[in-house]
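Asks: Fit chain B to the given chain A structure using the hints.
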Amino acid sequence: MSFDLETSTLPTETLRRVAIEPVSRVEGHGKVTLLLDENNQVHQVRLHIVEFRGFERFIEGRPYWEVPVMVQRLCGICPVSHHLAASKALDMVVGAKQITPTAEKMRRLMHYGQMLQSHALHFFHLSSPDLLFGFDSEVGRRNIVGVAASHPAIAKQGILLRKFGQEIIRLTSGKRVHGTGSVPGGVNRALTGGERITLQADANQMVEWSRDAVKIIRELHQQNPALYDQFGHFRSSFMGLVAPSGALDFYHGGLRARAADGSVMFDHFDYQGYNSLIVEEVKPWTYMKFPYLRSLGPENGWYRVGPLARVQNCDFIPTPLAELERRQFVEYAGAEPMHASLGYHWARMIEMLCAAETVQELLQDDDLEGTDLIVTGERQREGVGVIEAPRGTLIHHYQVGDDDLITMANLIVSTTHNNQAMNAAVRSVARQYLDGQVLTEGLLNHIEVAIRAYDPCLSCATHALGQMPLDVVLIDATGREVDRKVRG
Amino acid sequence: MAAKLKIATVSLAGCFGCHMSVLDIDERLLPLLELVEFDRSPLTDIKHCGPCDIGLIEGGVCNAENVHVLREFRANCKVLIALGACAINGGLPAQRNHLKLDEMLTQIYSTGTGLAAGSSIPDDPELPLLLDKVHAIHEVVKIDYFLPGCPPSADAIWSFLNDLIAGKPPALGHELLHYD
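Residue numbers (the numbering used here), protein chains in the order written: chain A, 2 to 489; chain B, 925 to 1104.
With the rest of the complex left out, here is chain A:
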């Protein structure tokens, strides 16, 4: 199965190769390649994920209780997602169909704290330079240092929002990065009264700053709809968890998908059966797989996950301020869901506000200081755990032998669901901005802006953090270097 612009119909040796490499230099390394003809018409565009780690394979043979701690090393940005998705899958294995109120609330607090820190990191530290200064602004300024110089209050709020989320993670899991708080069947610690009071002291301020952040991105959209509505635009369906009530829920629920026109395709699907729903295709030019809905096939069955999907998939957000913002978002989008890639930023900040409000509410709950932490029941051989990670639906699936060792692990991480979407976004931007043009540094950043809207965690599926360094070489059909732009 090949999409428009995925594979050139002309012989590749007649085309010029343009490589944007690397689009990521962290542990998930990616690049974009383009093939152009002599008139600079684009014939092929691919986002390659070039890293392989093999977690699914080397988890096999490990004792199941190690897994929630091992798998979070997939990603230092959202380790809590893997920690909790694995714990939820292994709840099934230890027979804990219903964990205790204290365990569920501690996990929820940890997860919503993570949502806050991850979304703050992505918006303030990584994306705000593009959005505040412009996609083709000066390279040397386009980073958090530049934001700190020109918008010191915004930079400081970003740092402190992230800090608050990280402190919640530390107090619920033991460490800011790679903690140990969640275990199969529950948690191993509760909060103390002093810890609750410490967090409560800052919670109101975090809600206020989150509101301010939504306002920044909402106004950017409203002031420049021509750019924000059209950049990297394409239609797709959307998938994610929703609560039984239809509410936005990051921790638990059933799977719902909406078609591109907003109609519900399936609802409250029990994720234990994800295997009957989703198939993954492998393409030779990238290590990241391409999931699609089995019933629709690879051409029509792909979908988007993450903030843009979740905010439009749910019926409502169960916190008041974020719900008001969601309604404005839906009203702005109009008759159909918003399909523009930059809509992710707006939706992401609405989610950050929801996370801040939820944390504020949870901290009022005395169950966080409870002593009933773990339950077990009849031991099972298999379990699936699904959670809405900051970047989207995260699926962990394990089988465990009688000797307590893992015999099978299958992970579908959030960024992988968006693989086809990110390729579509890059192709859309190539058509809109690149076709027939001479390369410029600002143009290269447009490609990167499109990828970054998805907040790809290439640490999970391989990941990108920060300004991706770009090196584009234009080589003519004889192999001669015609043009080269290095951004970095």
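FYI, nobody ran anything at the bench for these hints, they're computed from the structure.
Don't take every hint at face value.
Coverage of chain B stretches by chain A, computed from C-beta distances (three or more under 8 Å per stretch; other residues unrestricted) [claimed, not checked]:
#1 938-948
#2 952-964
#3 1041-1055
With a straight-line cut-off of 30 Å between C-alpha atoms, the simulated DSS-like cross-links for lysine-lysine are [stated by the list, open to error]:
#4 A:K98 x A:K176
#5 B:K971 x A:K157
#6 B:K1092 x A:K176
#7 B:K1066 x B:K1092
#8 B:K930 x A:K157
#9 B:K1002 x B:K928
#10 A:K157 x B:K928
#11 B:K1066 x B:K1024
#12 B:K971 x B:K1002
#13 B:K971 x B:K1066
#14 B:K1002 x B:K930
Just so we're clear, the structure is a prediction, and the values are computed from it rather than from any experiment.
A virtual CB, placed ideally from N, CA and C, is assigned to each residue, including glycine.
Replies: Using the frame of chain A, we list chain B on its own:
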């Protein structure tokens, strides 16, 4: 005022957790920016490491590209630091070292759970060559300091950087030296 020190950072075969721990110095980041300037780093746009005073390497080495980047850092950084467990000994990704790479790739891309019919191992020339094992970075280049932890704590990183910036031999107290 003296010229700012230049710091470059990169994550090779790591999870980015060590970079998160650098950011976990929180608001101390702002005064730090008065003293140092970031060269190549995930927080900047700089693609290749220029001449730098301090280089922080997260992650081990798992493919040919990691080796090239590591050598570039060694050639440009006066002081090179292995930041965290993966850089020091390969860390969790090195769990794959007892497995055969081709069998692992076959299972994940060809015979594993939930794959479309006809799936096979990606083999495009655009993908960098995988090494058969994940290696610690000191096996490839000389490393000046090793900062343990998964990840090292923000306080450990802060203390270490402040010593270096002040021109003192870095020393971590007992409470900052941990391996988990």
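Asks: Can you give the numbers of the hints that this structure goes against, from lowest to highest?
Replies: Structure breaks no hint.
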